[in-house]
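**Student:** Could you build all of it, start to finish, from the sequences and the hints given here?
So the protein lines, in turn, are chains R and H.
All residue numbers for the first sequence refer to UniProt numbering, where the first residue is 1 and numbers rise by one.
All residue numbers for the second sequence refer to UniProt numbering, where the first residue is 1 and numbers rise by one.
Note that these hints are calculated values from the structure, not bench results.
Check before you lean on any hint, since a few could be wrong.
Copies of one chain are not kept apart here, so a pair can be met inside one copy or by any two copies together.
Said to hold, decoys possible - When the alpha-carbon atoms are kept at most 27 Å apart in a straight line, the in silico DSS-like pairs for lysine-lysine are as follows:
1. 351 x 167
2. 351 x 559
3. 345 x 171
4. 142 x 29
5. 527 x 138
6. 345 x 559
7. 345 x 167
8. 122 x 294
9. 559 x 294
10. 142 x 122
11. 122 x 138
12. 171 x 208
13. 345 x 142
14. 527 x 208
2 protein chains.
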Amino acid sequence: MDITALLTSAGINIAICVVLLSLYSVLRKQPSNGCVYFTQRLVSEPVKYSDPFCLERLVPSASWIMRVWQATDEDILAVGGVDAVVFMRIVVFSIRVFIIAAMICIFLVLPVNYYGQDMQHKQINAESLEVFTIGNVKEGSKWLWTHCLALYIISCSACVLLYFEYKSITKMRLAHITGSPPSPSHFTVLVRGIPWSPDHSYSDSVEKFFSTYYPASYVSHQMVYQAGTIDKLMKDAEKMYRMLKTIEPQCGKSSMPCCLCGGTTHSFKVLNNEAESVKSKTSVDGLQPTQREKERPAAFVFFRTRYAAVIAAQVLQSSNPMLWVTQLAPEPHDVYWSNLSIPYKQVWLRKIATLLGAIVFMLVFLVPVTFVQGLTQLDQLSHTFPFLKGILKQKYMNHLVTGYLPSVILILFLYAVPPTMMLFSAMEGNVSRSERKRSACIKILYFTIWNVFFVNVLSGSVISQLSVFSSVRDIPIQLAKAVPAQILHVYVSKYESGGQFWPIVHNTTIFSLVLTQIIALGVFGIKRSPIASGFTIPLIFFTVLFNEYCRQRFSPVFKRSPAQVLIEMDRQDERWGTIEEIYNQLRSAYCQYPSISPDLSTAGNTSHHEDKESSQDPESLTPGNQLVKLNE
Amino acid sequence: MDITALLTSAGINIAICVVLLSLYSVLRKQPSNGCVYFTQRLVSEPVKYSDPFCLERLVPSASWIMRVWQATDEDILAVGGVDAVVFMRIVVFSIRVFIIAAMICIFLVLPVNYYGQDMQHKQINAESLEVFTIGNVKEGSKWLWTHCLALYIISCSACVLLYFEYKSITKMRLAHITGSPPSPSHFTVLVRGIPWSPDHSYSDSVEKFFSTYYPASYVSHQMVYQAGTIDKLMKDAEKMYRMLKTIEPQCGKSSMPCCLCGGTTHSFKVLNNEAESVKSKTSVDGLQPTQREKERPAAFVFFRTRYAAVIAAQVLQSSNPMLWVTQLAPEPHDVYWSNLSIPYKQVWLRKIATLLGAIVFMLVFLVPVTFVQGLTQLDQLSHTFPFLKGILKQKYMNHLVTGYLPSVILILFLYAVPPTMMLFSAMEGNVSRSERKRSACIKILYFTIWNVFFVNVLSGSVISQLSVFSSVRDIPIQLAKAVPAQILHVYVSKYESGGQFWPIVHNTTIFSLVLTQIIALGVFGIKRSPIASGFTIPLIFFTVLFNEYCRQRFSPVFKRSPAQVLIEMDRQDERWGTIEEIYNQLRSAYCQYPSISPDLSTAGNTSHHEDKESSQDPESLTPGNQLVKLNE
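**Tutor:** Below is the structure:
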């Protein structure tokens, strides 16, 4: 591949980018797309498009980019929550690091590489790409210190930026914990592995255990039931209701009578009643034998204070660590009900099984990589398919095939990865959507590191053309790629993690930095530059030391809530008398069979996004994509 | 090395063993050695030797071995505590695994190896050792399934034994927690990283923090003071007192006046008073400015219940994770006072520094290994030192040098490892003796694995003659090597970990098994036996799965105490009214400057063992060596 092929590739990418941005700009102006692009706003205040048609609607504009760019952290925080801000910070951080790296590389490293050998240079656009790499520098060259210096500048600036980001995000997270209004999840603990007893129902066991050991703080509990027919019927009904909802406006528009509209919604009423009857049975008659059978060994237990809930979630409850397993409950909307009925004893086995599955998937993925690698061997290709010879002789087609096609094919294959990992994560037994997505996210990260980096470096195959170094440093950007403007308007967020995914970004960045430094160390060794190698070793050491410091100083806050803060909040609640209100909320917050209420239209919209998530869109997989601001 | 050399080596080892056992048997009968061999009994009931001299004292006997062998787990539990029993279980477990492995290898694997090739066998004692290894089996031989079978039998029996040991030790640990009488350490939390404030002393800050956030359960606290001159003087005094104590009886025996005896012990009285005055000042006058300066940002905080202490120790206290760092306090005798005054902020740096130090030490250790390797090249040796030629020509000397000398030299070098690691662990900032020893123990384990195994397999150097396979499986035995019967009589234990080092043994055994299996997989691959390789892979998988199960089912009990158990114990204390007694004990339990009291003679003896520990004896380094039964 020469430089023209690279430029062709870059040109195509930029062109596609401009086309997509214009398309977005036009599409979002169409009223019929309002429910897609302005979901958030629609939910809070229904908007009417008064003007049915005008020319402006068809002309792409750039003003929205400016508006998005001008949005401050405070605006985003107010609309999208901490997760959204952290997401934006990741993008900003990545852009900053890339700009620094690009400047250093273009003005310092590239010239040194280009003039690294005493040779006659061709015209610059006919040069092979290798002239611009460190491979062009003579062995033992004194100029290798520039590469070492570049490494120092990039590493140090990345670490400094990381430090300030981590510090500010930690502060934001603490402010979020302190400032967020009481949410049911703060007071609730999810208990799994409730021991089976022939004499009591699971519900009685929970009642007995917590009223014995937490008499002062235990309020009440709610059992998890087996997902059965009612559950399935309700889901079907919801789906059908949604379908009708989307058909209705179209019927209305066409002002023609439609056989699907106008019917009574008996079915929903019946279902609704059935669900209600199940609930009333549970609460009024006590547990019928069938009800008892439907109980699963899992429950949500409600506590009087946040601190008590955190304590109950952190302490080892029983002398058998597989029984009475506690954790802080996910937010009500975040609960992944179907996984709650999995016996806790199975969970570790499922984790191992999915891990194995993911590893097998990674290995199987080598097949398309090898296939693409075969494709790019131009000579071989035209040998196998003689009719291609003529096409490939054209210079432009050659550039296209060597410079662009391999990466496109590979990216298409990569699109299969996120849904697969999402499936694995669902099978793993995660009890919340956010956890499931977090787990899938980490799996994709490992996959990317393994596949884009190690496989390619080791086998020297095609994706190296995607430029290995930037690929690895790319990972935070990959995470951040899907940043919604695609946040202010679009998503009705389902949960708020309080920026819990920042440590993943931090660790990945450090990993990428250290990997880059180790590779540089190897290259300096090959190039016989003891000084450059010697200076790289302390850099690696200090990078690791910096990471360790951050792990000590910031990371515990992302894992556990500080007691001091929780106790203060509990006391404030007591003083302000808001605590009674919370107890009333608690009893209805975690409802496995929600009644089909007027807010189903909202549910319909959010489910729409949920569906989209599990589809083939990798960009919807980052945890910040579906964000919550429950306090809105 | 041929088989005769191996037998020579084994013969020498057995002979040395018999000599050492006889020597032990004779020495322990000498009354003057009573304080060494019967410390434990001497502490509880002073024994008088009525018969000053008889022939029996000089004749080695074997009866004590029988007595030791007959001691049941209950006897050992009563005298030495859980740690001692666990220690014995490790030995028994190792012996069992070795017997199984030896039987399988001698009756199944060895014959297959020996007749693995169609060859004329020499007389058996002239055979090279390689005839007995798997190297002698033909490539693609059908008999390789016997090796695979042997691997299955050894792995499965090791796993089954491990499971039952883990189960019974977990039960024992729980019984120990439930059955042990109230100890100050159960109610005490060690707080480090107390924030500095210009207005308050550290003591005031602790008081304020805990009475604000734990008003119901906070009892009182005790500050840690800077180890200063008084501390040093007291230590010197103690040392001198001990020296005098050991000189005194000798003087008595020789019935001659001695210039060291008969003097008044003014110095001790003075020191004692000074220490007392420091204490009274602290408690009566409040904190003088100089006192305040001597306060370190660490304190022992006492709580009303065990459960409250465990909660306070587990919860993240402050939003800055480097401040108010809590952990359950070590037992009073176990506290390593000088490390308590290290600022908590330094601890992570110290940990990294000692880790680096240990790695450098491991690398430097390659020098003696290479040196010994050079020595064993017989031809080269006699070339360098021509005068050795004659000696080395003798057959016996040749066996000695190739079979025995290298391992002896290496073991001598290995003796330097434990004290070095102990030094590293002390520098690391561990706050208790047990933690320090545990950390040193783990470092030695890594060192052994790295050095005895990896270095030798990779470089194929001399220690491979110590037989690599058994070396790795040896590790639990290395841990258990110093098992005191040598426990019933000798050691006055300083702490009781409740068998907390069993998980280390478990993990190491699993690691060794998996490593063995992976090596076997490689060997089967080289020997082109796809069936044997194919059957080894599920074995590796199931071994890892078994480990994961144990990690889920048993290991949490070794890290945290179950809330259910603690709460029950607290309630029992309340019912029985023993709680007041404990509060009274608490105030005096953690004393940084213990007064030199009549029990100094005991302290002298135990310190004697403590000194021995940090000396060049690797056998004293395993955590179970200094065991406690505080409830005696």
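**Student:** Taking the hints in turn, state whether each one holds.
**Tutor:** These are the hints, each one checked on the structure:
1. When the C-alpha separation of residue 351 and residue 167 is checked against a cutoff of 27 Å, the pair qualifies only between copies, where the shortest distance is 24 Å, while the shortest distance within a copy is 33 Å.
2. Within a single copy, residue 351 and residue 559 get their C-alpha atoms as close as 20 Å, and across copies as close as 22 Å, so both meet the 27 Å cut-off.
3. In the homo-oligomer, the alpha carbons of residue 345 and residue 171 lie at most 27 Å apart only across protomers (20 Å), although the nearest pairing inside one protomer, at 38 Å, exceeds that limit.
4. For the identical chains of this complex, residue 142 and residue 29 are neighbours neither inside a copy (58 Å) nor across copies (75 Å), given an alpha-carbon limit of 27 Å.
5. For a Cα distance limit of 27 Å, the shortest separation of residue 527 from residue 138 inside one copy, 7 Å, qualifies, whereas the shortest one across copies, 45 Å, does not.
6. For the identical chains of this complex, residue 345 and residue 559 are neighbours both inside a copy (24 Å) and across copies (20 Å), given an alpha-carbon limit of 27 Å.
7. Taking identical chains as interchangeable, the C-alpha atoms of residue 345 and residue 167 lie at most 27 Å apart only when they sit on different chains, with a minimum of 17 Å there against 39 Å within one chain.
8. In this assembly of identical chains, residue 122 and residue 294 lie within 27 Å of each other by CA distance neither inside one copy nor across copies; the values are 78 Å within and 74 Å between.
9. Within a single copy, residue 559 and residue 294 get their C-alpha atoms no closer than 34 Å, and across copies no closer than 35 Å, so neither meets the 27 Å cut-off.
10. In this assembly of identical chains, residue 142 and residue 122 lie within 27 Å of each other by CA distance solely inside one copy; the values are 24 Å within and 64 Å between copies.
11. With identical chains, the CA atoms of residue 122 and residue 138 are at most 27 Å apart within one copy only, with a shortest distance of 19 Å there and 60 Å across copies.
12. Proximity of residue 171 to residue 208 under the C-alpha cut-off of 27 Å is restricted to the inter-copy arrangement: shortest distance 24 Å between copies versus 40 Å within a copy.
13. When the C-alpha separation of residue 345 and residue 142 is checked against a cutoff of 27 Å, the pair qualifies neither within a copy, at 62 Å, nor between copies, at 41 Å.
14. In this assembly of identical chains, residue 527 and residue 208 lie within 27 Å of each other by CA distance neither inside one copy nor across copies; the values are 71 Å within and 62 Å between.
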